[in-house]
Each structure stands twice: as structure tokens, then as C-alpha cells.
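Letter by letter, the chains look like this.
2 protein chains.
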Amino acid sequence: MNDLAERRVRASAWFRDLRDRICAEFERLEDEAAGDERYGPGAPGRFVYTDWDRPDPSGEPGGGGTMGLMKGRLFEKVGVNISVVEGVFEPEFARSIPGAADDPRFFAAGISLVAHMKNPHVPAVHMNTRYLATTTDWFGGGADLNPPLPRAEDTADWLSAWQDCCDRHGPDHYERFKAWCDEYFYIPHRKRARGVGGIFYDRLGLGEGGAGQSEDWAGNFAFTRDVGETFLAAYPPLVRRNMARDWSAEDRAAQLRYRGLYAEFNLVYDRGTQFGLKTGGNVDAILMSLPPLAAWE
Amino acid sequence: MNDLAERRVRASAWFRDLRDRICAEFERLEDEAAGDERYGPGAPGRFVYTDWDRPDPSGEPGGGGTMGLMKGRLFEKVGVNISVVEGVFEPEFARSIPGAADDPRFFAAGISLVAHMKNPHVPAVHMNTRYLATTTDWFGGGADLNPPLPRAEDTADWLSAWQDCCDRHGPDHYERFKAWCDEYFYIPHRKRARGVGGIFYDRLGLGEGGAGQSEDWAGNFAFTRDVGETFLAAYPPLVRRNMARDWSAEDRAAQLRYRGLYAEFNLVYDRGTQFGLKTGGNVDAILMSLPPLAAWE
Numbered sequence: 002m003n004d005l006a007e008r009r010v011r012a013s014a015w016f017r018d019l020r021d022r023i024c025a026e027f028e029r030l031e032d033e034a035a036g037d038e039r040y041g042p043g044a045p046g047r048f049v050y051t052d053w054d055r056p057d058p059s060g061e062p063g064g065g066g067t068m069g070l071m072k073g074r075l076f077e078k079v080g081v082n083i084s085v086v087e088g089v090f091e092p093e094f095a096r097s098i099p100g101a102a103d104d105p106r107f108f109a110a111g112i113s114l115v116a117h118m119k120n121p122h123v124p125a126v127h128m129n130t131r132y133l134a135t136t137t138d139w140f141g142g143g144a145d146l147n148p149p150l151p152r153a154e155d156t157a158d159w160l161s162a163w164q165d166c167c168d169r170h171g172p173d174h175y176e177r178f179k180a181w182c183d184e185y186f187y188i189p190h191r192k193r194a195r196g197v198g199g200i201f202y203d204r205l206g207l208g209e210g211g212a213g214q215s216e217d218w219a220g221n222f223a224f225t226r227d228v229g230e231t232f233l234a235a236y237p238p239l240v241r242r243n244m245a246r247d248w249s250a251e252d253r254a255a256q257l258r259y260r261g262l263y264a265e266f267n268l269v270y271d272r273g274t275q276f277g278l279k280t281g282g283n284v285d286a287i288l289m290s291l292p293p294l295a296a297w298e
Numbered sequence: 002m003n004d005l006a007e008r009r010v011r012a013s014a015w016f017r018d019l020r021d022r023i024c025a026e027f028e029r030l031e032d033e034a035a036g037d038e039r040y041g042p043g044a045p046g047r048f049v050y051t052d053w054d055r056p057d058p059s060g061e062p063g064g065g066g067t068m069g070l071m072k073g074r075l076f077e078k079v080g081v082n083i084s085v086v087e088g089v090f091e092p093e094f095a096r097s098i099p100g101a102a103d104d105p106r107f108f109a110a111g112i113s114l115v116a117h118m119k120n121p122h123v124p125a126v127h128m129n130t131r132y133l134a135t136t137t138d139w140f141g142g143g144a145d146l147n148p149p150l151p152r153a154e155d156t157a158d159w160l161s162a163w164q165d166c167c168d169r170h171g172p173d174h175y176e177r178f179k180a181w182c183d184e185y186f187y188i189p190h191r192k193r194a195r196g197v198g199g200i201f202y203d204r205l206g207l208g209e210g211g212a213g214q215s216e217d218w219a220g221n222f223a224f225t226r227d228v229g230e231t232f233l234a235a236y237p238p239l240v241r242r243n244m245a246r247d248w249s250a251e252d253r254a255a256q257l258r259y260r261g262l263y264a265e266f267n268l269v270y271d272r273g274t275q276f277g278l279k280t281g282g283n284v285d286a287i288l289m290s291l292p293p294l295a296a297w298e
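Residue numbers (the numbering used here), protein chains in the order written: chain B, 2 to 298; chain W, 2 to 298.
Heads up, some of the hints might be wrong.
A pair counts as met if it fits within one copy or between any two copies, since identical chains are not told apart.
Claimed, not checked - DSS-like mimics (lysine-lysine), calculated; alpha carbons at most 27 Å apart, straight line:
#1 K72 <-> K192
#2 K279 <-> K119
#3 K179 <-> K72
#4 K119 <-> K72
#5 K192 <-> K179
Everything labelled a hint here was simulated from the structure, so no lab data went into it.
The following block holds chain B by itself, in its conformation from the complex (with noise of 0.2 Å):
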């Protein structure tokens, strides 16, 4: 897997592949939740793909992505993401991108979705993953589970996965993005954290020099396949778990307030948000992650 334009179609055809597999999955439990009347009136819940094309500050074609938007019963609101963008850097922020320093074309393609749910008994979610490439190339990604009412037996479940998930493709896999994924997500001015954890990941592949032939790009692949695999297999359970359970309007209310901290942590520390709002990335893309509704006491 030397081509890097193989690498490219191969990336970006598993983030959509992966897409549509989580979509339906998705729509499927939608259609579970079909018979209980507390999460309201009307039909299941189905997704709505819109696309986006993004204009490259050079002139040159770009790419794009595809918004996937569900607003359904069981799913009060989850977006999935997927693009596949190239372009130039701007000088002064390729310095600080691997193997950008002297040549700023870069390509990036990635999955991202963020699910807020009705009951506040089953957990939201974050997965994302990406593939970017400039004259060198790696993966990052991640996936962290965030219950406004937190129950151990579910955490322990997820975080097993997770830890499975890691032991199949490096030793200390798990320990190292467990550890990053606990940093990464942490709220400095509330002193917590935002969810229960999880894995996170970046640069995975590149060398000591962050230039040229990135290590091991067959294994770092299957890795983050094996990433979008587990969540897949990971978070259903979790939901159809929780689903059934009754809420109260404090349990709902303590979600509203959970979801305050969600957004405060994606609109004042998220790198990913902050760099796209602030270098022009695609708005509703970006902002797909805030919650439907949100509350501050």
C-alpha cells in the first residue's frame, strides 16, 4: 500500500462504507422505539443527507462532504459526517501541520458523528475518525461516551470494548489513547470531565521526523477500521439497554444541564471546532455536534 492515491480511495471509501452502516444501524433502532409512546408522535426517525462542497482558498477544487441529520423519536438528534477534502494550507498554519513545512497540499477524509438522545438514560456519543495526508500521512480518531446519568455497568461495558478493540493492534494501544482520550476531554474551568471516557488517538503512523513514508499504514488502517467496528458493535447494546428505562423531569432536566457542558466544552476548548469556525470550514458541519436543547441553571 505504497500508491497514495490507493490509500486516499481505500480511506475514504471505508469512512462512507462505515456511513451507511451506521445510518441504518441507526434507523434501525429508531424503528425498535417505534411502539413506545413516551418518546412521542410520528413515524421513526430517518436520516437526511445534504451535501457540501468546500471551496479551497487556492482556487482549486476542494472537495467536500455529506451532512447526515436525524431528528427522530428515540434519537432526539444525531448527525453523521463524512469528507473528503484537499487543498493548500495556509503558510503560516502548515508549519504546524507534519510534512507541510515546505509542501502545504494537504488531503483529509474522515467520518464524524455526535448523538444526542431523548431518554436521559441512554448515553450520547462521539466517534470520529479521520485519514490525512500531506506529504507524509497518518490516522486519528476516537470515540467517548457521554451518559448524562452515568451507570457503571455501562461505562465498564464500553470501555472493555475499547480495550479489546486496542489489545488486537498494539500492546500499549490502550493504555496511551485511554489516558489521551481522559486528557483531551477534560473541562479545565468545571474540573471535570466532560463524558466517562473512552479512546482517542492522532498522528498514528507518523515517524520520529513527521515527514515522508508514514510507518505501518496497512496496520493503522485495519486499526481504525477496527475502531469504526467497535463502536458499531459497541453502542447499540448500550442504547437498547437504556431505552425502556422510564425519566422523570429531574433526569431530563439534569440532561438539559449535561448538554450545557457538552456544547461549552465543543465551543471553547474543541481544536476541531475552533480551527474550522475559525478558518471557514463548513458552519452546520461543524456545529452538527451542539445539542438540540441545552440548559444553563
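Model the placement of chain W on the given structure of chain B, informed by the hints.
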């Protein structure tokens, strides 16, 4: 008025006096809405005050403040905060502050308020004025109107009040401070303003050098007091004019979306919020500006 200690006392006393008068007027407005069942059950709201202390990193006393919070019927959530703090800027930060490069000690006093109203036809509002002293000293502040459903008559009356206020103090005050407000509260990623404007000013009184004796302290303090008086004279009539108007579910939905925009501005761009959160300020006081409930579609 060349005695610096006397300046601190007079400025601090003014902010506290203004707070008392604003809170009394807002409670009067709550009383006036007492008979209106659309605002829900219960008694008219009253402010609840909470003192907080600021630990200075130097170990010396750092001052503190008082949060005033009313969760009423007409006022869905309104915070009126005052603070009088002193301490020592971190060396790196001190270099960016007038008069603090060689002596990083500072003093700051101010008032800050944000009102989120239950009726979508009643504009939300923000007002803040402050006095800062290092080896020099200056005033800053402003007020801007944030109607979820703007009306030309309200905007015209609001801006007219600020023009009159500014014209009493300087021939170009209004032109400069109106433009500064429009620039400050612009949300680049939404390509729109947060609200319909008002005034914004900073470093008022600083001479060219930005150190030593500030210019016309008495005149600038008089302007800052007039900003408070103008707010107190201009905002309540906009509340009384609109508080009896009916609103629909669509109006409420538009208000919640508007508040999402408001939260975005405060969390992504507002310098005071960003600075406060990242330097260990009082989180509850800083985030009191956030809406009680907000929506993102």
C-alpha cells in the same frame, strides 16, 4: 481626582449603587407582570445574591464579588454581577496590559449584567462597565440589545438613547463606540451580528503612551456613570412596551435558536469569557451570561 485610592473607592461605590438601582427596577418589572398568567405560576421573582472571593495566585488578598441572580417569570434568567478585585498579573499576560509591563499589580472593579426574557418579543440585553488600574488607569464597557425577534422601533429607540448619551460626552463618542460594538459582537462563522448593537468602548482615558497618568479621569468616570444611567432609562421601556404581547410556539423556538447563537458568541469569541475561563476566574459568575435554555437545530 488624582488620588488613586480615592478613584478606586468612588468607582467601586458607583458600580454597587448602580447594581442596587438596576435590580430594584428589574424586580419592579417582575411585579408588573404578576397578573399575567402567560408567565406561569408563582410569585414575582427576586434576586438572590451570592458573594465570592478571588484567590490571587500571589497569595495576597485578591478581592471578590457578588453575583445577583433572578430566575423570575418575566425575567427567565437575569444575572447582575459586581466585582472589586486586585492582584498581580502573570508576567506574560502583564506585557499585553497598559501600564503593567514593569509593575504587574492591578485593580479592577465593574458591573456586568445579562437578561434573558421569557417572552420572545422582549429583547434580551447585555450591559457591562468597568474601571481598571495598573500604573495607569482607564474605563471600558458598553451595552448591546439582543432581541430574538427584532423590531425597528425598539432598535431605533435603543440606539437613539446611546447617541444622546455619547453626545453629552464627546463629539465622536457615538460614531466610534457604535462601530466598535458592531465589530465586537460580529459572529464571523455565522456572518452576522449577535444582536442589533449599542455601544462598546475600552481603554478610555489612556494616553498615547499607555502608561502614567490617564487623561480626564473625572470626565471618563462621568461618561461611564452616564452609560449606567442610560441603560436604566432606555431598557425598561422596551420591556414594558413588549411584555404584554402574545407569543407563539414558533416565536419561542426562534428565541431558543437565537440563544444558541448568543451562547456560541460568548463561548467562542467573547474575550472576557475566554480569558476568565482559562485563567481561573469565578466560573459561575463568568457563565451567568449563558441562556437558561438554548437550541441548535
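For each hint, the structure was consulted:
For the identical chains of this complex, K72 and K192 are inter-copy neighbours only, at 26 Å across copies versus 32 Å inside a copy, given an alpha-carbon limit of 27 Å. In the homo-oligomer, the alpha carbons of K279 and K119 never lie at most 27 Å apart, since the shortest distance is 31 Å inside one protomer and 32 Å across protomers. For the homomeric pair K179 and K72, neither the shortest alpha-carbon distance inside one copy (31 Å) nor that between copies (40 Å) is at most 27 Å. Taking the shortest Cα distances, K119 and K72 sit within 27 Å of each other both inside one copy (10 Å) and across copies (26 Å).
In this homomeric assembly, K192 and K179 come within 27 Å of each other (Cα to Cα) only inside a single copy, at 18 Å, whereas the closest approach across copies is 38 Å.
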